[in-house]
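Engineer: Sequence:
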Amino acid sequence: MEQSKKGFIPVMLTPFKDNGAVDYVALTRLTEMYLHAGAAGVFANCLSSEMFELSGEERLAIIKHVVETVDGAVPVVATGTFGGPIEKQADFIKRVYDTGTSAVIAITSLLADADEPDTALNDRVFELFDQTENIPLGFYECPVPYKRLLSPQQLHHFAATGRIIYHKDTCLNLNVVKQKLELSKINPSFGLYDAYMVHAVESLKAGSAGLSCIQGNFFPELIVWLCDHYADASRQHEVTMVQEFLTENMDVMHNVYPVIAKYYLTKRGLKITTTTRRDVGYFSPAIRNKIEDLHSSYTTLQSEIGI
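Per this note's numbering, the sequence shown runs over residues 2 to 308.
Incorrect hints may appear among the rest.
[Claimed, not checked] 30 Å max Cα-Cα, derived DSS-like pairs, lysine-lysine:
#, residue 1, residue 2
1, Lys89, Lys6
2, Lys65, Lys272
3, Lys6, Lys179
4, Lys65, Lys89
5, Lys148, Lys206
6, Lys206, Lys186
7, Lys6, Lys186
8, Lys179, Lys206
9, Lys18, Lys206
10, Lys18, Lys186
11, Lys148, Lys65
12, Lys206, Lys272
13, Lys186, Lys148
14, Lys65, Lys206
15, Lys291, Lys148
16, Lys95, Lys206
17, Lys6, Lys291
18, Lys291, Lys268
19, Lys95, Lys65
20, Lys89, Lys179
21, Lys272, Lys89
22, Lys272, Lys291
23, Lys95, Lys148
24, Lys179, Lys148
It is worth saying that the hints were derived from the structure and are not from the lab.
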């Protein structure tokens, strides 16, 4: 069943100072930018946040800072599993939830190794349920350390428990997304948020709860606009323009990400460095020129659709 109100959940960046320390002043400004754009929630401590380059205490401090900055305006979800025994992962989930998050996200590829069967992942998920005291949970099919996709049938079994309220989907396959949506209807509190913008409009029309994509770290108000207008019969020409813009610029926004996203945000006037802890490659003049072109194209699109 299609949900009439869709939401954009940004996968948050982590601002760093030039010396590599977390820049909490910039983190406040960044969080406020997402809220001002109309985000329905925020996903802190995710891959875009460089979560694997943060210490455990930094992860908790960043999540807590985001929760305090949001101050109840929207829900906050954050990653809480980083490998190891289930007891260890469950303990960190509890610590993340204690910061004030609405749900804690489990990384599918950290619950089972690449060569392990789905049954192993299933057993660990239910073990995690047992050890996390009814804390609302979610899944993220994170591509690091490897991408582990949940099948529609797995998601059905997990959603049926009532424990899963969020799923960030990265399968890149609209037909599979539709199957997941159909089989997860058993839980009315569950929401699938698609990360793949090539089929963003079709995913929303199929019943996705919203979008959770890196493109929102360049122009969050555009993703909010799409969530608001994807089904507006009077705006379908503009909706098509937005979908084409997102599809055509997919590769540009993945170059040396998240450096490129931070650079783009400086062009929007946000005070943030391009410093990252993760080595994502050389931010070359050629890539810089492409992001300049993207900024120009987006400015034109804004004028055409009236954002």
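Engineer: Evaluate each hint against the coordinates.
Structural biologist: Here is how each hint holds up against the structure:
The straight-line distance between the Cα atoms of lysine 89 and lysine 6 is roughly 37 Å, outside the 30 Å bound, and the hint therefore fails. For a cut-off of 30 Å, the pair hint linking lysine 65 to lysine 272 stands: about 21 Å separates their Cα positions. As the CA atoms of lysine 6 and lysine 179 are separated by approximately 18 Å, the hinted pair is consistent with the 30 Å bound. About 20 Å separates the Cα atoms of lysine 65 and lysine 89, which keeps this hinted pair within 30 Å; it holds.
Annotation: proposed proximity of lysine 148 to lysine 206 holds, straight-line Cα distance about 26 Å (limit 30 Å). For the hint pairing lysine 206 with lysine 186, the CA-to-CA distance comes to about 15 Å; that is within 30 Å, so the pair holds. Annotation: proposed proximity of lysine 6 to lysine 186 holds, straight-line Cα distance about 16 Å (limit 30 Å). Distance hint between lysine 179 and lysine 206 is fulfilled; the C-alpha atoms sit about 10 Å from each other, no more than 30 Å.
Simply put, lysine 18 and lysine 206 have alpha-carbon atoms about 41 Å apart, too far for the 30 Å limit, and the pair is violated. Between lysine 18 and lysine 186, the direct Cα distance comes to roughly 44 Å. Violation of the 30 Å bound is thereby established for this hinted pair. This hinted pair checks out: lysine 148 and lysine 65 have alpha carbons roughly 28 Å apart, not beyond 30 Å. Straight-line distance between C-alpha atoms of lysine 206 and lysine 272 comes to about 36 Å, which puts the hinted pair past the 30 Å bound.
Between the alpha carbons of lysine 186 and lysine 148 the distance comes to roughly 24 Å, so the proposed pair stays at or under 30 Å and holds. For the hint linking lysine 65 to lysine 206, the alpha-carbon distance of about 34 Å lies beyond 30 Å, and the restraint is violated. At most 30 Å may separate the alpha-carbon atoms for a hinted pair to count; lysine 291 and lysine 148 meet this at roughly 28 Å. In summary, the hint linking lysine 95 to lysine 206 is not supported, as the alpha carbons are separated by about 35 Å, beyond the 30 Å threshold.
Between lysine 6 and lysine 291 the alpha-carbon distance is near 34 Å, which puts this suggested pair outside the 30 Å criterion. Taking the CA atoms of lysine 291 and lysine 268, the gap is about 13 Å. The hint holds against a cut of 30 Å. Straight-line distance between C-alpha atoms of lysine 95 and lysine 65 comes to about 13 Å, which keeps the hinted pair within the 30 Å bound. With a C-alpha separation of about 34 Å, the suggested pair lysine 89 and lysine 179 falls outside the 30 Å cut-off, and the hint is violated.
In summary, the hint linking lysine 272 to lysine 89 is not supported, as the alpha carbons are separated by about 37 Å, beyond the 30 Å threshold. Taking the CA atoms of lysine 272 and lysine 291, the gap is about 21 Å. The hint holds against a cut of 30 Å. For the given pair, lysine 95 sits about 25 Å from lysine 148 by alpha-carbon distance, which is consistent with the 30 Å threshold. A hinted pair counts as satisfied when its Cα atoms are at most 30 Å apart, and lysine 179 with lysine 148 qualifies at roughly 20 Å.
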